[in-house]
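**Q** Residues per chain, in single letters:
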Amino acid sequence: MLEYKKEISLVLLRDTLRIRMIESRLAELYAEYEMRCPTHFSLGQEAVAVGVCHHLKKQELITSAHRSHAHYLAKGGSLKKMVAELYGKKTGCATGKGGSMHLIDLDAGFLGAVPIVGSTIPIGVGASFSAYLQGENKLSVIFFGDAATETGAFYESLNFAAIHKLPVVMICENNLYSVMSPLSVRRPEGIKLSNIPQGFGVQSFHADGSDLEEIYQTAGQAIEYARSGKGPVFVEYINYRWLEHCGPLSDTHLGFRTEEDVINGKKKDPVRNYKDKLLKAGILTDSEFSKWEKEIAEEIQEAISFAKESPFPEKEQLLEHLFAA
Amino acid sequence: MLEYKKEISLVLLRDTLRIRMIESRLAELYAEYEMRCPTHFSLGQEAVAVGVCHHLKKQELITSAHRSHAHYLAKGGSLKKMVAELYGKKTGCATGKGGSMHLIDLDAGFLGAVPIVGSTIPIGVGASFSAYLQGENKLSVIFFGDAATETGAFYESLNFAAIHKLPVVMICENNLYSVMSPLSVRRPEGIKLSNIPQGFGVQSFHADGSDLEEIYQTAGQAIEYARSGKGPVFVEYINYRWLEHCGPLSDTHLGFRTEEDVINGKKKDPVRNYKDKLLKAGILTDSEFSKWEKEIAEEIQEAISFAKESPFPEKEQLLEHLFAA
Amino acid sequence: MSRELKFVEALQEAQDLCLERDPSVYVMGLGVSDGAAMFGSTKGLVEKYGPKRILDMPVSENAMTGVALGSALTGMRPIMVHLRLEFAMLAMDQIVNQAAKWHYMFGGQASVPMVIRMVVGRGWGQGAQHSQSLHSWFAHVPGLKVVLPATAYDAKGLLISAIEDNNPVIFIEHRWLYNMTDKVPKGMYRVPLGKSNVLLKGNDVTIAASSYATIEALNAAKELEKEGISIEIIDIRTINPLDEEPLLESVKKTGRLIVADIGWKHAGFAGEIVSRVVEKVYQYLKEPPIRITLPDVPTPTTRALSNFYYPLPSDIVSAVKKLLGKAAESKPDIKPEDFLDVPYLEFRGPF
Amino acid sequence: MSRELKFVEALQEAQDLCLERDPSVYVMGLGVSDGAAMFGSTKGLVEKYGPKRILDMPVSENAMTGVALGSALTGMRPIMVHLRLEFAMLAMDQIVNQAAKWHYMFGGQASVPMVIRMVVGRGWGQGAQHSQSLHSWFAHVPGLKVVLPATAYDAKGLLISAIEDNNPVIFIEHRWLYNMTDKVPKGMYRVPLGKSNVLLKGNDVTIAASSYATIEALNAAKELEKEGISIEIIDIRTINPLDEEPLLESVKKTGRLIVADIGWKHAGFAGEIVSRVVEKVYQYLKEPPIRITLPDVPTPTTRALSNFYYPLPSDIVSAVKKLLGKAAESKPDIKPEDFLDVPYLEFRGPF
Ligand SMILES: Cc1ncc(C[n+]2csc(CCOP(=O)(O)OP(=O)(O)O)c2C)c(N)n1
Ligand SMILES: Cc1ncc(C[n+]2csc(CCOP(=O)(O)OP(=O)(O)O)c2C)c(N)n1
Ligand SMILES: [Mg+2]
Ligand SMILES: [Mg+2]
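Chains as they are written, first to last, in this note's numbering: chain A, 1 to 325; chain B, 1 to 325; chain C, 1 to 351; chain D, 1 to 351.
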């Protein structure tokens, strides 16, 4: 329990709840076939984003990949612009040219997300490297999934960040799957991802990615370590994806995991578990929680209305922005 | 001392001497400007090839990279064909289309060498993988330099070989340089390459790459381990490049290492040191050694004459072999 | 015995037959053995041949292509599969520097019987990184064979030929073809690589096309037929090596050429067709050829823009009329909110 | 103040001036700070700017390109250098999927001011993996600017423009140009990107060329001048975006087009030039255009074959005569043992 700062506990929970509610609502609405882009929901995995980003200053940059809603929102990315982007609208965070897999909010320190697995890892390192070249120290936090650690880009980036002791925090959300492929077809038996960086002399952590406090605390240590100039850090969080890899539905009919597996996975629900804990500890009341739900629901409704009512980009924009001036 | 088999000691030394003499002679001849292809000499690094390949059966495959003469020769590749290849002749091991950086001798189990750093690592893994798919166990040995461990391909290959417990032996000759770049600009301070594979659950060894016996023994262990079905092995041998990165000259005028460095590096001369040891132990006599030198010199002369007298490929061959039938 | 099969089923059947017949064939790629089975194109194969021959892999496209290459050099016939062409960008060294050249640079001593299947995505906001068709790139590299089937019949026959070929073959499949049906015979048959096909006979204008552009050309031809305009469609099923004869013969007859291509225009494959025709049968050309391609910008995700990004059959119709000196009819009125981002309105993916 | 400089010195000077002027410029690549200094093109820079701004790196081309991109997004202006174009094959995802599209796919909010220098090798047995010029590839990808200087003057002026440009620029340098000299002014000057240059004025035949092919065109023109044949050379210094005006104007005048390109023919950039000309000024063409390129096979190492692989000025001369309906003179008698694998006989590398 973050006894020393109970407000933090509350904020962590509220922020996680917010992402949960946003993702749930978007998943519902997806069935209307108006958000027409491949969408990888963060349901079940909201907590890591919140626990990590809570430590970050606005100008500190984060990058993410195909499953980036939670990271974008936790870092303070505009909800309205995100929803509008999913609806393909001109008011979207990428003016409709990106969609769910290409979020950006520079004002919030969200450098960008793209769906080629592993590709944003070096880009995130580069964001810290530019400060290094200018004689400054600037934290860069990179979010990616377990499968991204299988790409050559990951190792090359890790090595380079370590050479120059760049303040880079690599957050690996190990949700056990790459699409539907379990770790067993992608990794030798018995290895732990968080052991890999050690061969590069890189500090690493391993923690439960469904436990908000554990996330918050390990992330704090990791970020502190990186900020202090000791070099990059790797953190592996174990969490669990609730929905299908891409899209708003269940995937248990596809044979790679059972409904029971998912029910078990959902037992580590970061929202429910932390809520129960805070209720039990007397830090949170049911009515407070209900108030949050109401406020968030309103915020979401507003964003959806904004998105739905926003105009589409005009035909002329098709050829715009090929080259920067 | 390989007391239990003194013939092995003698063969190891003789084979190493042979490569030394071949490389020395080719480096001399290179100045005639008749071998017209980029050539990375193995001078100073002959021992690893010999100590490793001595364990291998003919049908066991090896692959190498830009600096492959020693590996090719130690595996039993045709000297005549290699020299002819350097001279660009039709009788060359790649009919003149390859040059020094693209050696091949399938009869000798030399699958091929190409100069893109890291690229032959997965190809070598694939050579073992095909046997695995057919339910067989076939050793594949891959030679590469320290810089190849910086490529994404290396890690991806290591992981894949480990997943399927493929009998792959990765031999990393760490000669401290990538062209002229020291390890310090390419690796975090204080890390040991042979520690990296451990994060993948891969067994590794670290040994002196100038000590023929140590090479022979560690290679034996590594190969035994891989052959027994326990999975891939990584061996780091520390050795030293005598000449410039590419070409037959010295490079101390280029500022990245001093003449004294090179003199020091040459103190670990695998031929001289092992020769002295065997002489002292009474296993070798000076006259035996001289006899070797004479025999080898003749063999080399023959190969050079063969190469020089061989015809060039005909113009028609330019368009040949674009596609396999 | 005529039997209708979907394009995707034809792909599956081709692989199934080859796997059955030749134990050296295997299939490797992200998710080839999962429940979605590469949009269904590897459906049922893991159940039949097991996870060793229908092999999932880590997200390591570069090394895995090298592994496939190494296995091809030592007796196997790998089929690599990429759910999107873009993922092969990670493996360009292995494909271009290694696989394409191995046979040549070692003087013909080794060969690389390997197929790399790549799906070109389109629609439902695939966007800049899930939609590129870089077939022109592969065609530009000597040593690669590059195949783009347009029909289910060809998909099966060409894939079998590709698997049996002793060279690296880049096999490019447009996602929007997957559900289209065609008569597909049972059992083994081959459509030879390196042979163009006269898909439709006609006299007025020649359209050279590949992959999904062929379908759009057929649709355009249907429209034009109503007006008595007769189109000849040459399906360039293999873009390297290119079989130019049917194309040149056709242009000799019609004197007019349109090239419809699913890729970008600038320095793209359509320019090769134009150049070949101009170099070889210049004197027969009555009008300058027209290229119908994507505009030279990345793919936007929102349908409001992608609606204007992809050429439509009506663009081909207009081009034909232009070549024939007829008044171009007014362009169809496309709105940003139109659902042109699916092959047909009920299509619900997977994309 | 006329001053002669080598092409390589011009490159060095361009970088030096930009480094001096703008602290956000830095140079990164394998060996940029070593004693060979990228064939001399980064000579003296590490001494002047230190190892942080002239930065050696691990052999990790893929990630390092991503790092450069990430730094470009956050205020820096990286210059990546590859001693051979082939090494960039490892980084195609970062170049093509990411850098080329970042500006567009985020609706213009971020830009990627990055130069990637790539040296195209030739001669002394560079062979299949050290000689490819894949400029056509890059030109095919929307969002990349692609520059191929042919003279020392342009090398400096174009490189300065490239470094100052806010887009990813692929800057392709042919190794055989490195020692060629030209008048090169001191100080900053810019040659604009996206502008073709009339390098030689003439009336009979237009030759469009880039990079080293331009030099060969000049040599051919010198020969032809002796016979009173007047050549116009359009140096396509930027192949994307392409400035077609000077080219079209020239063809309108001469009616005859030769495209000389340092790459392969099939689906290559030369086909783009032919297509543009045919599409735009078809009616002016007196003869079908001719493409002079590499034959579509990998590069052999032995000079016995590479002697026949690379086109010679005499090939251009023959093509010109063909277009003019003149008898082609007999081809020069090239022998396998001839030393055509060096730019000039005394050339001893580094290669
Ligand atoms: C290079 C590359 N290969 C394949 C894909 C297809 N793909 C998209 S997401 C994904 C799985 C990623 O798994 P992970 O990194 O664990 O993230 P998660 O989806 O579990 O959050 C794959 C394979 C891709 N986008 N990029
Ligand atoms: C991908 C790639 N990048 C760069 C090069 C240029 N290059 C050729 S050899 C070499 C150094 C290799 O060093 P190492 O692997 O340690 O082998 P060594 O030369 O020391 O034997 C480099 C960088 C290359 N061939 N391939
Ligand atoms: Mg995952
Ligand atoms: Mg080395």
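Keep in mind that the hints are not guaranteed to be accurate.
Within a straight-line C-alpha distance of at most 27 angstroms, the following computed BS3-like cross-link-like pairs (lysine-lysine) qualify [unchecked claim]:
| id | chain 1 | residue 1 | chain 2 | residue 2 |
| --- | --- | --- | --- | --- |
| 1 | D | 331 | A | 165 |
| 2 | A | 138 | D | 52 |
| 3 | D | 321 | C | 286 |
| 4 | B | 90 | D | 335 |
| 5 | A | 268 | A | 5 |
| 6 | C | 322 | A | 315 |
| 7 | C | 335 | A | 308 |
| 8 | B | 6 | B | 277 |
| 9 | C | 52 | C | 222 |
| 10 | C | 280 | D | 331 |
| 11 | D | 253 | C | 280 |
| 12 | C | 321 | A | 80 |
So, partial list: chain B residues that the calculated Cβ filter (under 10 angstroms) puts toward chain C [as the list claims (entries may be wrong)]:
| id | residue |
| --- | --- |
| 13 | 124 |
| 14 | 132 |
| 15 | 190 |
Hints in this document: simulated from the structure, not taken from any laboratory.
For every residue, glycine included, the Cβ atom is placed at its ideal position computed from N, Cα and C.
**Q** Next step is simple, just say for each hint if it's right about the structure.
**A** Hint by hint, here is what the structure shows:
1. D:331 - A:165: violated (61 angstroms)
2. A:138 - D:52: Within the cut-off at roughly 16 angstroms; holds.
3. D:321 - C:286: Satisfied, since the Cα-Cα distance of roughly 26 angstroms is no more than 27 angstroms.
4. B:90 - D:335: holds (15 angstroms)
5. A:268 - A:5: Since the Cα atoms of residue 268 of chain A and residue 5 of chain A sit roughly 24 angstroms apart, the hinted pair holds (cutoff 27 angstroms).
6. C:322 - A:315: Within the cut-off at roughly 24 angstroms; holds.
7. C:335 - A:308: The hint holds at about 16 angstroms.
8. B:6 - B:277: holds (12 angstroms)
9. C:52 - C:222: violated (47 angstroms)
10. C:280 - D:331: Holds: residue 280 of chain C and residue 331 of chain D sit about 23 angstroms apart, inside 27 angstroms.
11. D:253 - C:280: holds (23 angstroms)
12. C:321 - A:80: violated (46 angstroms)
13. 124: This hint holds: residue 124 of chain B lies near chain C, its Cβ roughly 6 angstroms from the closest one there, short of 10 angstroms.
14. 132: Result: holds, 8 angstroms to nearest chain C Cβ.
15. 190: Violated - the Cβ of residue 190 of chain B stays beyond 10 angstroms from chain C, reaching only about 27 angstroms at its closest.
When each numbered hint is compared with the structure, violations occur for hints 1, 9, 12 and 15.
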